[in-house]
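Those sequence lines, one after another, are chains R and W. Heads up: the first sequence is residues 1 to 370, going by UniProt numbering. Heads up: the second sequence is residues 1 to 370, going by UniProt numbering.
These are computed hints drawn from the structure, not numbers from a lab. None of the values given here were measured: they were computed from a predicted structure. Backbone N, C-alpha and C fix where the C-beta goes; we use that ideal spot for every residue, glycine too. Please note that the accuracy of each hint is not assured.
Taking lysine-lysine pairs in the BS3-like style, the calculated list, with each CA pair at most 30 Å apart, reads [unchecked claim]:
id : chain 1 : residue 1 : chain 2 : residue 2
1  : W       : Lys149    : R       : Lys158
2  : W       : Lys149    : R       : Lys149
3  : R       : Lys149    : W       : Lys158
4  : W       : Lys158    : R       : Lys158
Now the in silico label distances, taken between C-beta atoms and shown as ranges [claimed, not checked]:
id : chain 1 : residue 1 : chain 2 : residue 2 : range
5  : R       : Gly128    : W       : Gly361    : 33 to 39 Å
6  : R       : Gly157    : W       : Val6      : 38 to 44 Å
7  : R       : Gly157    : W       : Asp317    : 48 to 54 Å
8  : W       : Pro10     : R       : Glu8      : 37 to 43 Å
9  : R       : Gly79     : W       : Pro72     : 34 to 40 Å
10 : W       : Asp30     : R       : Asp19     : 42 to 48 Å
11 : W       : Gly351    : R       : Glu34     : 31 to 37 Å
12 : R       : Gly157    : W       : Gly351    : 48 to 54 Å
13 : R       : Pro155    : W       : Phe266    : 49 to 55 Å
14 : W       : Glu8      : R       : Pro72     : 55 to 61 Å
15 : W       : Arg61     : R       : Glu34     : 56 to 62 Å
16 : W       : Val6      : R       : Glu8      : 49 to 55 Å
17 : W       : Arg182    : R       : Ala56     : 39 to 45 Å
18 : W       : Pro10     : R       : Gly289    : 44 to 50 Å
Stretch by stretch, here's where chain W covers chain R in the computed footprint (C-beta under 8 Å, at least three residues) [claimed, not checked]:
id : segment
19 : 13 to 26
20 : 84 to 92
21 : 158 to 165
22 : 313 to 326
2 protein chains.
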Amino acid sequence: MSATAVTEVPVRAGGGLRDYAVRVGTGLIDTVGEVARAVAPSARRWVVIADDTVGALYGDRVCASFGGADAPLLTFPAGEHNKTRARWEALTDAMVARGLGRDSGVVALGGGVTGDLAGFVAATYLRGVPVVQVPTSIVAMVDSAVGGKTGVDTPAGKNLVGAFHPPAAVIVDPTVIRTLPRRQRAEGLAEAVKHGAIADADYGRGIAHRAEALLSGEVEAIRRMVLRSIEVKASVVSRDERESGLREILNFGHTLGHALEAASGFGLTHGEAVAIGMVLEAQLGELVGHTRQGSAERLVEILQAVELPVRRPPELDPEVVEGFLGADKKVRAGQWRMVFLAELGRVHDAGGRWAHAVERGPVRTVLESS
Amino acid sequence: MSATAVTEVPVRAGGGLRDYAVRVGTGLIDTVGEVARAVAPSARRWVVIADDTVGALYGDRVCASFGGADAPLLTFPAGEHNKTRARWEALTDAMVARGLGRDSGVVALGGGVTGDLAGFVAATYLRGVPVVQVPTSIVAMVDSAVGGKTGVDTPAGKNLVGAFHPPAAVIVDPTVIRTLPRRQRAEGLAEAVKHGAIADADYGRGIAHRAEALLSGEVEAIRRMVLRSIEVKASVVSRDERESGLREILNFGHTLGHALEAASGFGLTHGEAVAIGMVLEAQLGELVGHTRQGSAERLVEILQAVELPVRRPPELDPEVVEGFLGADKKVRAGQWRMVFLAELGRVHDAGGRWAHAVERGPVRTVLESS
Ligand SMILES: NC(=O)c1ccc[n+]([C@@H]2O[C@H](COP(=O)([O-])OP(=O)(O)OC[C@H]3O[C@@H](n4cnc5c(N)ncnc54)[C@H](O)[C@@H]3O)[C@@H](O)[C@H]2O)c1
Ligand SMILES: NC(=O)c1ccc[n+]([C@@H]2O[C@H](COP(=O)([O-])OP(=O)(O)OC[C@H]3O[C@@H](n4cnc5c(N)ncnc54)[C@H](O)[C@@H]3O)[C@@H](O)[C@H]2O)c1
Ligand SMILES: [Zn+2]
Ligand SMILES: [Zn+2]
Chain R
1 MSATAVTEVP VRAGGGLRDY AVRVGTGLID TVGEVARAVA PSARRWVVIA
51 DDTVGALYGD RVCASFGGAD APLLTFPAGE HNKTRARWEA LTDAMVARGL
101 GRDSGVVALG GGVTGDLAGF VAATYLRGVP VVQVPTSIVA MVDSAVGGKT
151 GVDTPAGKNL VGAFHPPAAV IVDPTVIRTL PRRQRAEGLA EAVKHGAIAD
201 ADYGRGIAHR AEALLSGEVE AIRRMVLRSI EVKASVVSRD ERESGLREIL
251 NFGHTLGHAL EAASGFGLTH GEAVAIGMVL EAQLGELVGH TRQGSAERLV
301 EILQAVELPV RRPPELDPEV VEGFLGADKK VRAGQWRMVF LAELGRVHDA
351 GGRWAHAVER GPVRTVLESS
Chain W
1 MSATAVTEVP VRAGGGLRDY AVRVGTGLID TVGEVARAVA PSARRWVVIA
51 DDTVGALYGD RVCASFGGAD APLLTFPAGE HNKTRARWEA LTDAMVARGL
101 GRDSGVVALG GGVTGDLAGF VAATYLRGVP VVQVPTSIVA MVDSAVGGKT
151 GVDTPAGKNL VGAFHPPAAV IVDPTVIRTL PRRQRAEGLA EAVKHGAIAD
201 ADYGRGIAHR AEALLSGEVE AIRRMVLRSI EVKASVVSRD ERESGLREIL
251 NFGHTLGHAL EAASGFGLTH GEAVAIGMVL EAQLGELVGH TRQGSAERLV
301 EILQAVELPV RRPPELDPEV VEGFLGADKK VRAGQWRMVF LAELGRVHDA
351 GGRWAHAVER GPVRTVLESS
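Build out the structure end to end from the sequences listed, making use of the hints.
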């Protein structure tokens with residue numbers, strides 16, 4: 001399949017690092033080699049890293065896009081439990097064994113696990129070689145492939161080790177979403193709804209209207225959705241590469257979301273936990289007066305349309321959830337901080353400060369009433 | 001001991017990263033806590049990482065310099081064979097186990113092994129926390145602590161994994177060299193002679209004149225020497241943070257040096273191999289006409305004064321050494337490249353290009369005649 005109607009979204013990497021573009025278009029998976037060579041001409045030899053599921057589905061096409069040059073596929077077993085230092089080590093060693101020098105580059109082909117893991121391999125290989133992100137899940141397209149965060153988990157927690165390593169390019173081909181399971185699609189839509197909630201109410205509502213097309217992976221619906229989400233994320237990231245300021249707004253729903261995810265022993269997926277977290281944080285915002293009344297209810301409608309949960313599962317005790325709140329690494333000096341909506345489509349901004357301190361009382365109220 | 005006569009050398013980190021200063025002065029080891037807090041105020045909790053030798057000698061004083069605040073010492077067994085991903089992992093886990101968040105910082109107290117290893121821990125901990133480098137060997141003072149390169153070895157080779165992570169500050173106390181064994185002092189002087197060779201002939205000659213004071217660790221001689229070397233390295237690094245251009249001149253002696261080091265099965269230390277490498281590369285420069293006649297001989301005199309070898313050990317076969325030349329990661333597209341002296345104190349510069357292609361013929365000639 002050849003590429004049609006490519007849209008480019010520019011991203012400022014910040015911190016003196018090279019800017020890059022996200023290319024979105026059907027059929028782009030077959031252009032990876034060509035684009036990679038163009039954006040990182042110093043890289044003469046490439047490897048394609050994928051998990052075994054995505055590798056089996058798309059590895060051949062991506063390797064073939066390097067036009068006969070030796071661009072081997074390196075795979076690892078699929079799943080978050082493989083986003084580890086051990087896999088990072090093995091992939092690094094596989095590259096060393098092939099004699100790859102500084103003039104090499106990495107294609108990260110897959111979901112967020114692959115993007116983070118292969119991105120970290122690239123970030124640390126000989127102190128850094130270029131990576132081209134080719135996201136194949138909705139989570140990866142709308143979230144993890146843009147922004148430059150890479151890393152792996154440790155037994156003690158997620159993403160504890162990593163590096164900022166902005167990609168040389170991001171290549172998004174919405175056609176690959178056809179092979180993604182429906183539940184994974186819903187999972188990724190949680191972050192898309194978040195983008196609507198913090199930046200574009202119409203976009204948020206549009207996700208609900210096109211829910212079935214999105215959940216069933218209709219290419220044109222997916223293409224438009226990921227494009228708009230990437231625009232939102234790219235615009236936030238471009239204005240703040242180091243998560244000191246504006247970038248915090250991308251954490252909407254994530255403070256309570258992470259606590260719920262951890263409290264569930266990861267029985268809730270990240271997207272499910274963030275969906276519930278967004279509803280609770282909107283309710284909390286309404287309670288403390290930062291958020292316009294009714295915003296939480298509008299979020300609930302959108303999230304239910306895309307088959308995501310909106311209430312704390314009754315088996316998750318509020319006290320237990322609160323315990324995990326304290327463990328979050330975004331807590332500074334024991335103070336809980338959260339981003340609030342002003343209303344659907346806009347965050348509450350107290351003079352350029354996006355994250356606000358919250359008291360225990362209202363958090364408990366919201367957790368208990370949910 | 002209290003600090004006297006502190007000299008600050010500024011370093012431009014480049015790439016949008018924060019600039020930093022190298023502080024040189026006797027007694028500064030007792031100011032580490034104070035300086036660390038001043039240069040990285042976001043870090044509220046610190047750990048001090050050292051190998052067990054240096055930890056036993058200076059760990060208490062550095063931890064005490066944090067003035068009673070909890071600044072624990074984390075140690076690992078001394079030696080290059082511990083500059084591994086496994087040690088990086090264990091140190092990271094020890095930090096996680098102490099609940100250290102983004103508001104933490106790392107002091108790297110030790111030789112180059114500690115600087116590289118602890119620097120890499122800091123570079124990757126929660127995607128990067130500040131590191132303060134406190135070099136305690138001459139190698140670390142004049143070379144590894146400045147410039148931002150961090151990393152570890154893999155079974156396949158040295159420094160294959162790492163990150164650029166410029167320190168928040170470098171603190172150099174020459175008094176600690178008193179406890180460094182004499183052979184390690186000579187080792188570090190190789191890089192100091194290199195700085196003289198590429199940038200300051202008087203400095204190079206001065207090292208020979210003060211050889212015995214330096215080899216026996218006289219504090220004032222050490223202080224002046226490390227200060228001048230740091231000025232040279234800082235000036236080169238400041239003008240080019242990413243090793244694309246000018247920074248290459250710091251590789252003088254290292255192309256053949258690395259090959260000799262590897263060919264010896266690491267029987268030659270790095271400093272010894274670089275000493276021989278500098279002589280051979282100066283001879284090579286004379287042979288191909290880039291280097292003024294007699295420069296190699298002058299280098300030989302300086303290196304011999306500081307008890308470093310200047311000739312290829314006869315048991316290292318020229319062909320074997322050449323084989324290791326090809327394996328160097330600085331070789332691009334199969335072409336050997338080297339930095340040449342114009343004369344002692346100045347590198348050969350062909351219009352802003354510092355590394356020059358070399359042919360196999362003259363390399364073999366020089367290896368065989370040595
Ligand atoms: N770096 C960031 O900024 C960032 C942001 C959000 C999430 N993340 C990370 O992303 C990860 C989650 O991402 P994810 O949900 O994509 O997980 P994932 O990479 O494990 O993908 C989910 C599953 O879908 C499969 N898959 C992916 N694309 C497919 C396709 N086109 N067809 C068929 N199957 C496909 C994968 O093999 C996997 O089994 C987490 O580790 C999270 O920490 C990172
Ligand atoms: N990052 C860079 O730019 C860079 C540059 C040059 C070298 N390096 C690295 O530096 C390492 C070599 O450094 P090194 O020679 O300092 O090795 P090292 O850190 O192993 O120190 C050598 C020995 O001296 C001991 N020691 C250090 N300071 C002491 C003191 N004050 N008193 C008593 N003993 C002391 C150590 O315990 C160790 O046993 C190599 O791994 C090399 O790759 C890095
Ligand atoms: Zn998320
Ligand atoms: Zn060296």
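Against the structure, the hints:
no., hint, result
1, Lys149/W x Lys158/R, "holds (26 Å)"
2, Lys149/W x Lys149/R, "holds (20 Å)"
3, Lys149/R x Lys158/W, "holds (26 Å)"
4, Lys158/W x Lys158/R, "holds (29 Å)"
5, Gly128/R x Gly361/W: 33 to 39 Å, "holds (35 Å)"
6, Gly157/R x Val6/W: 38 to 44 Å, "holds (40 Å)"
7, Gly157/R x Asp317/W: 48 to 54 Å, "holds (51 Å)"
8, Pro10/W x Glu8/R: 37 to 43 Å, "holds (40 Å)"
9, Gly79/R x Pro72/W: 34 to 40 Å, "holds (35 Å)"
10, Asp30/W x Asp19/R: 42 to 48 Å, "holds (45 Å)"
11, Gly351/W x Glu34/R: 31 to 37 Å, "holds (33 Å)"
12, Gly157/R x Gly351/W: 48 to 54 Å, "holds (52 Å)"
13, Pro155/R x Phe266/W: 49 to 55 Å, "violated (34 Å)"
14, Glu8/W x Pro72/R: 55 to 61 Å, "violated (49 Å)"
15, Arg61/W x Glu34/R: 56 to 62 Å, "holds (58 Å)"
16, Val6/W x Glu8/R: 49 to 55 Å, "holds (51 Å)"
17, Arg182/W x Ala56/R: 39 to 45 Å, "violated (60 Å)"
18, Pro10/W x Gly289/R: 44 to 50 Å, "holds (49 Å)"
19, 13 to 26, "holds (count 4)"
20, 84 to 92, "holds (count 3)"
21, 158 to 165, "holds (count 6)"
22, 313 to 326, "violated (count 0)"
Checked against the numbered hints given earlier, the structure breaks hints 13, 14, 17, 22 and satisfies all the rest.
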